[in-house]
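Colleague: Here the protein sequences come in this chain order: A and B.
Sequential numbering from 140 applies to the first sequence in the working numbering.
Sequential numbering from 140 applies to the second sequence in the working numbering.
Don't take each hint at face value.
Identical copies go unnamed one by one, so any copy, or any two together, can satisfy a pair.
To be verified - Below 20 Å or equal to it, Euclidean Cα-Cα: the simulated SDA-like pairs (lysine to any residue) are:
no., residue 1, residue 2
1, Lys-468, Arg-382
2, Lys-422, Glu-305
3, Lys-568, Arg-579
4, Lys-411, Arg-607
5, Lys-568, Asp-600
6, Lys-203, Ile-583
7, Lys-568, Ser-335
8, Lys-422, Thr-141
9, Lys-544, Gly-641
10, Lys-422, Ile-583
11, Lys-422, Gly-304
12, Lys-422, Pro-245
13, Lys-568, Arg-607
14, Lys-411, Phe-246
15, Lys-403, Glu-337
16, Lys-568, Arg-597
Derived from the structure by calculation, the hints contain no laboratory data.
Protein chains: 2
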Amino acid sequence: MTGAESLIRTLVVSGVEVCFANPGTTELQLVIALDRLETMRCILGMAESVVTGCADGYARMAGKPAMTLVHCGPGFANGIANVHNARRANTPMVNIVGDQATFHRPFDPPLTADTEGLARSVSHWVRTSSLASQVASDAAAAVQAAASPPGQIATLIVPGDVVWGEASGPALPLPMAPRPQVEQEVVRGAANILRSSEPTMMLLNGQALCEAGLAAAYRIAHATGAMLRGPTHVPRMARGRGRVPVDRIPYVVDTALQLFAGFKHVILVGAKPPVGFFAYPGKPSLMAPEGCAIHLLARPEQDAVAALQWLADEIGAPRIVPIEEEGPKPTIASGPFDSEAFGMTLAALLPENAIVCDDAVTSGRAVFPATFNAPPHDWIQSTGGAIGHGFPCATGAAVACPDRKVVCLQADGAGMYTLQALWTQAREKLDVVDVVFANRVYKILYGELRATGATPGRASDTLFDLGRPDLDWVGLARGMGVEAVRVESLETFADTFRAACGRRGPFLIEFWI
Amino acid sequence: MTGAESLIRTLVVSGVEVCFANPGTTELQLVIALDRLETMRCILGMAESVVTGCADGYARMAGKPAMTLVHCGPGFANGIANVHNARRANTPMVNIVGDQATFHRPFDPPLTADTEGLARSVSHWVRTSSLASQVASDAAAAVQAAASPPGQIATLIVPGDVVWGEASGPALPLPMAPRPQVEQEVVRGAANILRSSEPTMMLLNGQALCEAGLAAAYRIAHATGAMLRGPTHVPRMARGRGRVPVDRIPYVVDTALQLFAGFKHVILVGAKPPVGFFAYPGKPSLMAPEGCAIHLLARPEQDAVAALQWLADEIGAPRIVPIEEEGPKPTIASGPFDSEAFGMTLAALLPENAIVCDDAVTSGRAVFPATFNAPPHDWIQSTGGAIGHGFPCATGAAVACPDRKVVCLQADGAGMYTLQALWTQAREKLDVVDVVFANRVYKILYGELRATGATPGRASDTLFDLGRPDLDWVGLARGMGVEAVRVESLETFADTFRAACGRRGPFLIEFWI
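Based on the provided sequences and hints, a complete structural model is requested.
Modeller: Printed below as a string of structure tokens:
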């Protein structure tokens with residue numbers, strides 16, 4: 140068999156079931172191998188930014204490595220932004236990238252680029268296969284690397300002649316490393332801090348945001364008065380009625396600084412130290428105040444759930460703590476768009492066990508706390524700040540969880556980056572309701588500009604305003620085969636959203652703000 | 140003034156008039172500086188792939204460096220594919236990229252990425268400014284680097300604190316290097332080869348494809364019987380009635396090998412040795428046969444026009460050679476789409492002095508030779524093989540040449556990569572007629588697959604077929620404010636194209652194939 144077939148067969152036996160792809164000529168042998176095998180589900184994205192964003196959403200919800208197949212050099216480059224987002228979410232991802240044949244590359248044909256350099260800039264693990272006979276074991280190593288806790292980006296580059304060469308067969312899957320457990324002294328150290336009664340915040344991320352992690356953290360908070368917080372953008376979080384309501388660190392630096400003021404301790408549980416998204420003149424990088432000690436309970440790759448449960452037991456917290464309701468009651472609001480009222484409306488109508496993919500930027504900030512009392516659901520977000528994450532991520536999540544409704548909350552400016560994902564939703568008949576917040580500006584940039592004390596002028600109006608002409612999202616969606624409707628009030632949104640949730644398949648609601 | 144203002148002022152005095160941009164928070168100070176100055180025209184692209192593609196088209200037609208302003212890390216990465224295309228066209232381009240403040244970067248905030256590594260992968264010149272007082276001179280150096288013959292990619296990275304810091308003022312423009320002249324012995328050597336009467340091909344690229352270069356090459360060909368050829372994809376070429384008809388090296392390797400068979404000499408004039416776009420088992424990388432000597436008349440950065448004129452004089456070619464007509468007569472054809480018939484129809488209707496931006500991939504291959512006798516025009520193409528070049532390149536060309544009609548020939552698959560550029564055409568009211576060849580497949584990949592002897596299976600049908608559902612380009616264009624019509628025959632195309640050329644502003648014709 141060809142190196143290509145040995146590679147694809149290895150991925151199949153390693154548990155990879157879906158191939159998100161936009162291949163080119165350098166990946167042709169891999170497509171031929173996929174044709175022969177017929178066991179892998181192939182899903183086309185009409186740009187690599189869609190392909191990698193889909194893979195991110197898929198892996199977060201499937202809980203196992205996602206695979207992409209993309210073209211050399213510029214092809215991979217097109218997908219980097221959403222690989223960056225995946226990297227920041229610790230998403231396990233295997234990228235298979237073709238490249239010029241080894242003997243052809245020295246001639247520097249037009250599409251030749253620094254594929255390995257580009258891959259290295261966003262990957263934890265990069266390898267270029269050099270022998271057809273070893274492509275299979277390289278693929279097994281890539282899956283193993285991707286699955287290494289807490290999840291890594293593994294990029295395997297396969298030159299044309301390496302995949303068309305002769306190989307003996309697939310490689311066996313390599314063992315997956317378990318999450319390391321935390322040390323006893325670390326748990327005891329955290330317990331001592333919590334017993335001190337000094338103001339303490341526990342900052343949760345990654346695995347700690349699953350239902351069991353949050354429940355254990357809640358026991359600790361209940362017993363000690365510690366505050367629980369998640370990161371500004373959550374990779375995946377279990378939420379809704381009956382689950383622990385934990386808010387996030389605010390995006391706006393001044394608000395975040397206020398939140399942390401007075402705390403003496405921050406305990407990191409799968410989280411990194413809290414830092415501002417960007418720097419501002421005269422403002423600190425770290426959100427925790429001077430004199431506040433930062434402690435570590437669990438590193439991102441460690442077993443944060445076991446650590447939290449151990450810590451809860453260590454401090455003698457009760458096993459079961461009834462969860463107190465927080466946040467507003469789900470209610471269908473009326474009138475024009477308002478972020479909080481939208482959230483309450485969404486909470487009232489969200490289907491049980493939905494997946495909310497939130498790339499709503501400014502329009503979505505108040506939606507998170509307003510949905511604490513929605514039916515149980517998972518919340519996933521762009522964690523790397525690269526815009527264009529929502530549509531593809533929702534698409535991939537819907538592939539991973541065909542029995543759950545996916546609701547994509549998408550800012551219009553960010554949505555334009557990867558609107559091609561709507562076509563993939565239509566092609567695959569995915570069960571996604573896309574809500575586009577059409578405020579027709581890069582509102583976040585106007586906010587940042589005004590925060591500097593400057594007044595918008597001609598340049599910023601040109602570069603931040605998305606009107607003149609206004610986008611017609613209904614037309615764009617229909618042009619890609621997705622049914623769509625524009626709404627201008629919360630009550631019309633409610634009716635439309637309810638109807639969209641009552642059917643299967645993709646549907647887009649443009650909320651004209 | 141701020142470092143940002145000193146940077147923008149330096150670009151202005153260096154002759155930069157247009158800023159193609161999609162900035163973020165790390166570029167805010169630069170936007171504030173643009174607001175203050177009001178002398179630079181800002182043009183928004185709704186994704187960085189659009190921004191860099193516009194800059195490429197602009198610089199090719201304006202004949203001077205184009206500027207982009209894009210966001211750190213993933214923002215720049217989104218634009219890499221079209222920077223790659225620009226690099227392969229020797230387009231002069233200055234990319235200004237913001238980045239995390241120097242003091243903030245060690246905290247590794249979410250959007251932090253290897254901006255410099257990404258920039259280096261596609262740029263000839265990369266610098267990260269480290270002092271506000273030196274940003275201006277860094278900007279002057281970037282413009283100088285970009286303008287260095289034959290044109291380079293210069294990327295200047297400016298951390299947030301560097302641009303908000305205090306600077307004394309703009310820097311003076313740095314001198315532009317002239318194109319080096321070729322040596323006398325090189326010209327004499329080429330003359331000797333041409334006098335040998337052995338079969339010789341002159342391969343022209345870059346500056347040699349301008350009207351004067353082609354005219355000088357034609358004198359040589361007329362006097363010696365040498366064959367003239369351009370590259371498979373031309374960065375910019377002067378064409379049409381009264382100009383020298385020069386065809387390109389075919390894309391398909393077997394056809395290219397046939398063309399070169401029997402040649403004893405290839406003389407490179409601003410061109411690189413002819414190599415296949417991709418490698419294939421058992422096929423050579425170099426298109427010139429064994430025993431064919433490859434000579435150099437002018438390197439890409441040298442003055443190819445002067446070299447050709449000198450060589451023509453050296454061999455005693457007549458000063459003026461009447462140009463013999465080649466190729467078919469422009470005629471309005473009828474019936475369903477056919478690449479050659481389309482080309483003849485286009486040739487019959489193309490406005491005088493138009494710019495044809497050809498990203499039509501398979502649908503466009505026969506259009507080039509069929510338009511030799513169109514009215515005089517320029518032809519520009521994606522030279523790097525990264526798809527998604529047409530719409531943005533046409534957009535930038537129209538900005539550079541507001542008095543010329545731009546005709547964009549766009550394959551549908553490639554067009555989906557950067558369809559957002561249509562919005563920029565609408566926003567800027569650019570005079571572009573976009574023709575989308577809606578064949579609803581990645582036809583080139585089906586061709587490559589069949590050429591291996593394989594039969595398409597389920598995977599390739601999923602990954603190469605763009606139907607199920609079909610895209611509606613009319614809806615997509617209108618959704619971004621561009622008027623559009625679908626045609627299904629050459630005669631309807633002719634009527635629609637004539638009407639579209641008779642008015643100003645963007646218009647899209649979807650040719651349903």
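Colleague: Against each hint, give a clear statement of whether it holds in the structure.
Modeller: Consistency of the hints with the structure:
no.: 1; hint: Lys-468 to Arg-382; in the structure: within (15 Å within a copy, 75 Å between copies)
no.: 2; hint: Lys-422 to Glu-305; in the structure: between (59 Å within a copy, 17 Å between copies)
no.: 3; hint: Lys-568 to Arg-579; in the structure: between (28 Å within a copy, 19 Å between copies)
no.: 4; hint: Lys-411 to Arg-607; in the structure: neither (42 Å within a copy, 44 Å between copies)
no.: 5; hint: Lys-568 to Asp-600; in the structure: between (38 Å within a copy, 17 Å between copies)
no.: 6; hint: Lys-203 to Ile-583; in the structure: neither (33 Å within a copy, 34 Å between copies)
no.: 7; hint: Lys-568 to Ser-335; in the structure: neither (55 Å within a copy, 66 Å between copies)
no.: 8; hint: Lys-422 to Thr-141; in the structure: between (57 Å within a copy, 18 Å between copies)
no.: 9; hint: Lys-544 to Gly-641; in the structure: within (10 Å within a copy, 49 Å between copies)
no.: 10; hint: Lys-422 to Ile-583; in the structure: within (19 Å within a copy, 54 Å between copies)
no.: 11; hint: Lys-422 to Gly-304; in the structure: between (57 Å within a copy, 14 Å between copies)
no.: 12; hint: Lys-422 to Pro-245; in the structure: between (50 Å within a copy, 15 Å between copies)
no.: 13; hint: Lys-568 to Arg-607; in the structure: between (33 Å within a copy, 10 Å between copies)
no.: 14; hint: Lys-411 to Phe-246; in the structure: between (45 Å within a copy, 9 Å between copies)
no.: 15; hint: Lys-403 to Glu-337; in the structure: within (6 Å within a copy, 86 Å between copies)
no.: 16; hint: Lys-568 to Arg-597; in the structure: between (43 Å within a copy, 17 Å between copies)
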